[in-house]
Amino acid sequence: MTLPLELGGRTVSSVSIFDDQEDVRQSYQETVTDSGLKPILEPGPLPDDPESVAALMLRADAAIWDHHLRVKSYSSKNGAEWVAECTRANWPALLCTKWEGAAPDEIRRYRRFIPVLLNPSDLSPDSLRTGLAICCDELAGRVRPTRRGWRTLVRVEDASEGMVYVILPSWNANEVVALPLRDLPTDLRPLATEGRRFHTKVNLGAETQSELFFFDWEPE
Amino acid sequence: MASREHLAIVDVGHGSAAVLVDSSGTVVIDAGPKAGLLEYLRETGIRRVDVVLISHADQDHLGGLLGLLASGEVSVGVVRLNTDSEKASRVWDDLVYELDCMRRRGVVDFETSLIQGDDGRYDQGVVHIEIVGPSAYLATKGPGSVDRLGARISTNSISAVIRLHVKGVPLVLFCGDLDEVGLRDLVRVGASLRAAVLVYPHHGGRSGSNTSTAFAEQLIRLVEPSTVVFSIGRGVHATPQPEVVDAVCRLAGTAHIVCTQLSERCSSAVPASEPGHLAPVYAQGKERRACCGGTLIFSLASSASMLPARPAHQAFVTAAAPSALCRLVRS
Chain A
3 MTLPLELGGR
13 TVSSVSIFDD
23 QEDVRQSYQE
33 TVTDSGLKPI
43 LEPGPLPDDP
53 ESVAALMLRA
63 DAAIWDHHLR
73 VKSYSSKNGA
83 EWVAECTRAN
93 WPALLCTKWE
103 GAAPDEIRRY
113 RRFIPVLLNP
123 SDLSPDSLRT
133 GLAICCDELA
143 GRVRPTRRGW
153 RTLVRVEDAS
163 EGMVYVILPS
173 WNANEVVALP
183 LRDLPTDLRP
193 LATEGRRFHT
203 KVNLGAETQS
213 ELFFFDWEPE
Chain B
1023 MASREHLAIV
1033 DVGHGSAAVL
1043 VDSSGTVVID
1053 AGPKAGLLEY
1063 LRETGIRRVD
1073 VVLISHADQD
1083 HLGGLLGLLA
1093 SGEVSVGVVR
1103 LNTDSEKASR
1113 VWDDLVYELD
1123 CMRRRGVVDF
1133 ETSLIQGDDG
1143 RYDQGVVHIE
1153 IVGPSAYLAT
1163 KGPGSVDRLG
1173 ARISTNSISA
1183 VIRLHVKGVP
1193 LVLFCGDLDE
1203 VGLRDLVRVG
1213 ASLRAAVLVY
1223 PHHGGRSGSN
1233 TSTAFAEQLI
1243 RLVEPSTVVF
1253 SIGRGVHATP
1263 QPEVVDAVCR
1273 LAGTAHIVCT
1283 QLSERCSSAV
1293 PASEPGHLAP
1303 VYAQGKERRA
1313 CCGGTLIFSL
1323 ASSASMLPAR
1333 PAHQAFVTAA
1343 APSALCRLVR
1353 S
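Sequence order for the protein chains is A and B. Just so it is clear: in the first sequence, position 64 is 66 by our numbering, and no numbers are missing. Just so it is clear: in the second sequence, position 270 is 1292 by our numbering, and no numbers are missing.
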């Protein structure tokens, strides 16, 4: 029996499951079923062309994505990029991955458009329903304080080997955040030297460094 | 309630931030860390802060000022705080950089002076803002030096102590992270600290030595509060210290003790469901169900009126944290 989620004008009764591993898809299928929603398994391979991707997003009301998908020809993109694409397309999607700590830069690049990131050990019927509600809220413009971007000052502590190390003095003056230099706008990259300051938007309400995302960097 | 004249002690997690809204303007006393202050201002529709007073240069009081200035969403009129040569100079440089950016655009009035005697300069409507401390002596000596008794003066020692009077009645005393050196100096100069509401210094943490109990006892005797607020973050620094709460309970009798968030010392778990007693405004702990009193709202029209109301808050504590520090010492 399905128990659809009614979320501010949006009904979620089915959830697509994207993972390159069949046993994981089966496991998530149980979780989705236990949460009162209908699972749609996506065995892949996933398309790249816009029309097929759009059709993919019509197969269910929402989606759970694994991150590490660029294996076994399942997908040409990783899950973080997919979730960002879904969010921009107004399709509720959450990322469920154990790679958050191991691939922080890969995920941070898309973090602004990933409303919910769960570790598989935290995925449960309750957390799934809660996570989908949060996704739908964010798509409706109701952004949680931990996810709201504010213009703020950033100071470069160091830059080397393709990385720039910054301090967000209004977030935590005692914690260095590492960013790939390629995540800065092209014109700012040569300026990212020790002591240099910029303004950019950051979700200052984030509780941990892994939740931080940066956007709208301002030229000097 | 937050749309009318009020004082909000904002739940910003581990840190301090208060917003005074009067018919004639808005004053911020300490800005907390991160984005808590910004979220509160955004939610209450405040786009202009006339005066910002920062007690001292610790991140959990100052960090939000940087966010406020840089956000571009709230205009700021006047900023006052004391310089601090001891604190992490790069963060201070960041603040000066940001203030300078704004001052060059002519949009902020910034001075590095907030000491005893600056009374009346920041008053708003019915609220008289008294700068109780630091004394000119202690501020001039500055962090890193020693006082007359040879005790080291720290950043916390020169915390600005600010008392709000509403229609002539001392309502709230903000102590920053005042320590025993700072308190001794206030006593030396004969400062009056009496107020109905005490925002306890240093989030109920240690006062700089092993004399937290003695410090608490002296402070409570000087303030005689009917409400004691600990502005804390659950899971951060394990505040308030039990010996501090014990001293408050012993000496403040029937005072209402309220923490903004639910200390892990009071309950190892957060409530299973959303509490219903909290004021309907932003509180950093709401997202994690980590609030105890949450953001506290005091009406300026009725100084005895607070949200959440005392009975509702105490009912929450009884149900959600029967082993809470404020209950253990009284039971």
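Fair warning: there could be bad hints in the mix.
Restricting the straight-line Cα-Cα distance to at most 20 Å, the calculated cross-link-like pairs of lysine to any residue (SDA-like) are [claimed, not checked]: (1) A:K74 with B:Y1119; (2) B:K1308 with A:E209; (3) A:K79 with B:C1123; (4) A:K203 with B:K1308; (5) B:K1308 with A:I136; (6) A:K100 with B:K1308; (7) A:K203 with B:R1069; (8) B:K1308 with A:T132; (9) B:K1163 with A:E209; (10) B:K1308 with A:G143; (11) A:K74 with B:K1308; (12) A:K203 with B:Y1119; (13) B:K1308 with A:R146; (14) B:K1189 with A:G143; (15) B:K1189 with A:V55; (16) A:K203 with B:E1095; (17) A:K203 with B:M1124; (18) B:K1308 with A:R150; (19) B:K1308 with A:T148; (20) B:K1308 with A:E140; (21) B:K1189 with A:V145; (22) B:K1308 with A:E213; (23) B:K1189 with A:E140; (24) A:K79 with B:M1124; (25) B:K1163 with A:V145; (26) B:K1308 with A:D139.
If you are wondering where the hints come from, they were derived from the structure by calculation, not from laboratory data. Please read all numbers here as calculations on a predicted model, not as lab measurements.
Structure-based check of each hint:
| no. | hint | verdict |
| --- | --- | --- |
| 1 | A:K74 with B:Y1119 | violated, 51 Å |
| 2 | B:K1308 with A:E209 | holds, 13 Å |
| 3 | A:K79 with B:C1123 | violated, 42 Å |
| 4 | A:K203 with B:K1308 | violated, 24 Å |
| 5 | B:K1308 with A:I136 | holds, 14 Å |
| 6 | A:K100 with B:K1308 | violated, 27 Å |
| 7 | A:K203 with B:R1069 | holds, 18 Å |
| 8 | B:K1308 with A:T132 | holds, 15 Å |
| 9 | B:K1163 with A:E209 | violated, 37 Å |
| 10 | B:K1308 with A:G143 | holds, 19 Å |
| 11 | A:K74 with B:K1308 | violated, 43 Å |
| 12 | A:K203 with B:Y1119 | holds, 17 Å |
| 13 | B:K1308 with A:R146 | holds, 11 Å |
| 14 | B:K1189 with A:G143 | violated, 42 Å |
| 15 | B:K1189 with A:V55 | violated, 65 Å |
| 16 | A:K203 with B:E1095 | holds, 12 Å |
| 17 | A:K203 with B:M1124 | holds, 18 Å |
| 18 | B:K1308 with A:R150 | holds, 15 Å |
| 19 | B:K1308 with A:T148 | holds, 11 Å |
| 20 | B:K1308 with A:E140 | holds, 17 Å |
| 21 | B:K1189 with A:V145 | violated, 39 Å |
| 22 | B:K1308 with A:E213 | holds, 18 Å |
| 23 | B:K1189 with A:E140 | violated, 44 Å |
| 24 | A:K79 with B:M1124 | violated, 43 Å |
| 25 | B:K1163 with A:V145 | violated, 47 Å |
| 26 | B:K1308 with A:D139 | holds, 16 Å |
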